[in-house]
Amino acid sequence: MEQSETPARTLFDRIWASHLVWPETADAPAVLFVDVHLVHEVTSPQAFSALRERGLRVRRPDLTLATMDHSTPTTPAGAAGEIVVTDPECRVQLDTLEQNCRDARIELHPLGAEHQGIVHVIGPELGVTQPGRTIVCGDSHTSTHGAFGALAFGIGTSEVAHVLATQCLLQRRPKTMEVRVTGRLGPCVTAKDLILEIISRLGISGGTGHVLEYSGEAVRALSMEARMTLCNMSIEAGARAGLVAPDDTTFEYLHGRPRAPRGPAWEAALGRWRSLRSDPGAPFEATVEIDASRLEPTVTFGTHPGMSAPVTGRVPDPEREQEPVARRALESALRYMGLRPGQPLQGHPIDVVFIGSCTNGRLSDLRAAASVLRGRRVAPRVRALVVPGSREVKRAAEAEGLHRVFLEAGAEWREPGCSMCIGMNGDQVPPGRSAVSTSNRNFEGRQGPGARTFLASPLTAAAAAVAGALADPRRLVDGPAQERR
Amino acid sequence: MEPFRTLTSRAVVLPRRDIDTDQIIPARFLKGTTRVGLGRWLFAGWRYDGTGAPASDFPLNDPLARGARILVAGANFGCGSSREHAPWALVDQGFRAVISASIADIFRNNAVKNGLVPVVVDEEAHRTLLESPFVEVTVDLEAQEVRAPGVQARFAIDPFARRCLLDGTDQLGFLLAQLPAITAYEQSRRREET
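Residue numbers (the numbering used here), protein chains in the order written: chain A, -17 to 467; chain B, 968 to 1161.
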C-alpha cells in the first residue's frame, strides 16, 4: 500500500524504480533491467557477432523474442503458401537471424510462421507486452508498447549486444512530459490524426530526452490498437518513449492472450497493474494540453512528421515563416514534395496508397480502411497496397472478409511485414510519385528514392485511394468514426 | 575503439536542420550483416545524382572535404530511426565528431559507442560554424571545448560517455563488470514472483 507521505510519483517513476539494478551516479548511468528484448533481422546480426567475438553467450534467451519483418517480401504467397525471398541480401539476413536464434535458443517466429509479423504488432498480440515491463528492441518504434503502460524504447545495435549479453542497459534517467488530451475526437478523427497534431505542436525534437505520458479523456476513450498508434509515433517528436497508464481497456485486451498470466496469476497481475499510474499532482518536467475535439483528419505535407495540416487545409507559405532556417527547410520540403505554397491539400493527385505498418497495420486499421473501400473502387492509375501487420491480423481480417473488400476495390492484399513503410523488401514508391501512407515517416526517400510521402490515417488513406487525390474521409463515411473504440 | 582526446580537422558543413537517419544512410543499404563498408552510402540520396555519379553541389563531394573528420550539421541531427548504421557510415567515411545545436537521443547514444563524438554547442557558435565551410575546427574532448576561427565554445557531454571516448573503451565491459549485481537483481525478482 502507498503511504500517504510517499511523494507523488509518475507512472514512469514506478517502472524505472522497479527495474533499477544499480542507480545512476554523476559518473555512471543507471543499470536498467530489461524484461522483454524483441529482435529482428536488420539490427541484430552485428550484435550477435559482437557476442561471438568476445566469447559471450546470450544471458536470457527466455526473455528474448525474435521475428522477421523488415526485409521480408509481402508478395502474395504461392498456391502452396510458400513465400519466396528473391533478394539475396535479404535472404542472408533472414538466414543469419535463424542461425543466431537456433544457436542461442531464442524463440523465433520465422517467415510464414503462425505468429510472424511486425515486431511491434506481435508482442501485444501474443500478450508478451504487459503493463509495467521494460521492453526494448533495435527499432525506434518500440515506443508502441508503451500503450500498455510498459516502458518501451528503441536501442541501437551496440545496445542490442548489451542486452543480449547482460539483459541490462546503461541509461540516464529521462525527463517526463505529460501530454493531456481533453475532449473527444470527432467523427473520422483517429489516434493517427491526434499523434500528428501532437508532433506538430511539440515539433520533431520537442520530446527529446523525455518520456511522454498520454493522459486525459480522449486517451482513455481510445482502444488498445489506437493507443498503440499514438505511442508508436512518440519517437517522431524526438521522445524516448510514450506511455499510457493501463486500465480496464488494457486488461480486457490482454485477457486470454497466449502469454498473458492465467488463473490466480492473472488476478495477482491485475492487482499489480492497477497501481501503475501517475499519482494526482505527480511532477512532470513539462506538460502539454491538447483539445481533441478541435482536431480534423490530418495529413503531412512536408518531409518530416511535424509538417502536417488538416486535409481540408492548405499548404503553408514559406514567405510567412520569419525564421530563415525554418523557411529554407519548408521551401526545400515543398520542392521535394512537388507542392505550391497556398494550394489546397484536398484534390492533390496521388499515385500510391499504402495501408499497413507498425503504426496502422492492425485489425481495427484494416476495418477502418475497408469501411471506406467497401463497395467502392480504387481510382484508375492508383496502386493501393494493404499489408496486414502480422499473420494473426491477416487471418482475422480474412475471417471477416476484409480481404475481399480490398480485392474487389482493386487494392492488393499482401503478406505481413514492414513493407512500404521502409521499402527494404522492394515494396517502394517510384521516384517522384506521391503516396498516401499510414506509416510513420515521410522523410525524403523513406519509401524509395525520390518518393513523396503523405502520412495519414487508414480512413484518410482509403479516401485518397478512392479519390485518386488527397481527400477528406468524412465525405465518404457517415456517422461516427469507424475505428473500434 | 581508438581513444579520442583532441582532434583538429577541416569540417564539412551540412546547413540543413533535422537531418534524419534515413538521409544519413537510406534503408536500402541496411541489408548487410556486418558493420563495415557503409561509408560509401553515407548521405547516398544527396551525394549521388540519378545516374549514381557524385552530385557536384553536395559538400561531401567537394575536393576540400577529402580527409575531413568533423561534420557540422543543422539542429536536431540524427532524428528518426535507431539504426546504428548511421554512425557506422559516418565513422567509415572518416568522421570522428559531429557538431550541431542539438542531436537526437538514439543517434547520440549510438555515436558514443562507436568513437564518434556528439558535440552540442550553443546557437551562436553553431551559427558561426554553419557559415564557415571547410575551416579548421578543433574538438577538444578533455577540455570539452570547440575552437575554430571566431569560435571558442564549451560543450556538455555525459561524463561516462566522455570517459569511454577518452579511454577508447566500450560500454559493454562496464556492464559485464555489473554481472554480480544483475544476478542479485534477477534472484530478488524471482523471489517476488514466487
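Some hints could be false.
[To be verified] Distance ranges between label pairs, derived from CB positions:
| hint | chain 1 | residue 1 | chain 2 | residue 2 | range |
| --- | --- | --- | --- | --- | --- |
| 1 | A | Arg310 | B | Asp1016 | 37 to 43 angstroms |
| 2 | B | Leu1031 | A | Glu271 | 48 to 54 angstroms |
| 3 | B | Ser1155 | A | Arg84 | 40 to 46 angstroms |
| 4 | B | Glu1091 | A | Glu313 | 20 to 26 angstroms |
| 5 | A | Pro331 | B | Gly1017 | 18 to 24 angstroms |
| 6 | B | Thr975 | A | Arg254 | 19 to 25 angstroms |
| 7 | B | Leu1031 | A | Ala268 | 39 to 45 angstroms |
In case anyone wonders, no lab produced these hints; they're calculated from the structure. Even for Gly, the Cβ is constructed at its ideal location relative to N, Cα and C.
The hints, checked one at a time:
1. Arg310(A) with Asp1016(B): 37 to 43 angstroms: The hint (37 to 43 angstroms, Cβ to Cβ) is violated, given that Arg310(A) and Asp1016(B) are roughly 21 angstroms apart.
2. Leu1031(B) with Glu271(A): 48 to 54 angstroms: Holds, since Leu1031(B) and Glu271(A) (Cβ atoms, about 49 angstroms apart) stay within the stated range.
3. Ser1155(B) with Arg84(A): 40 to 46 angstroms: Roughly 32 angstroms apart at Cβ, these two residues miss the hinted range, so it is violated.
4. Glu1091(B) with Glu313(A): 20 to 26 angstroms: holds (24 angstroms)
5. Pro331(A) with Gly1017(B): 18 to 24 angstroms: holds (23 angstroms)
6. Thr975(B) with Arg254(A): 19 to 25 angstroms: violated (55 angstroms)
7. Leu1031(B) with Ala268(A): 39 to 45 angstroms: The hinted range 39 to 45 angstroms holds for Leu1031(B) and Ala268(A), with Cβ atoms some 42 angstroms apart.
Hint check: violations occur at hints 1, 3 and 6; the rest are consistent with the structure.
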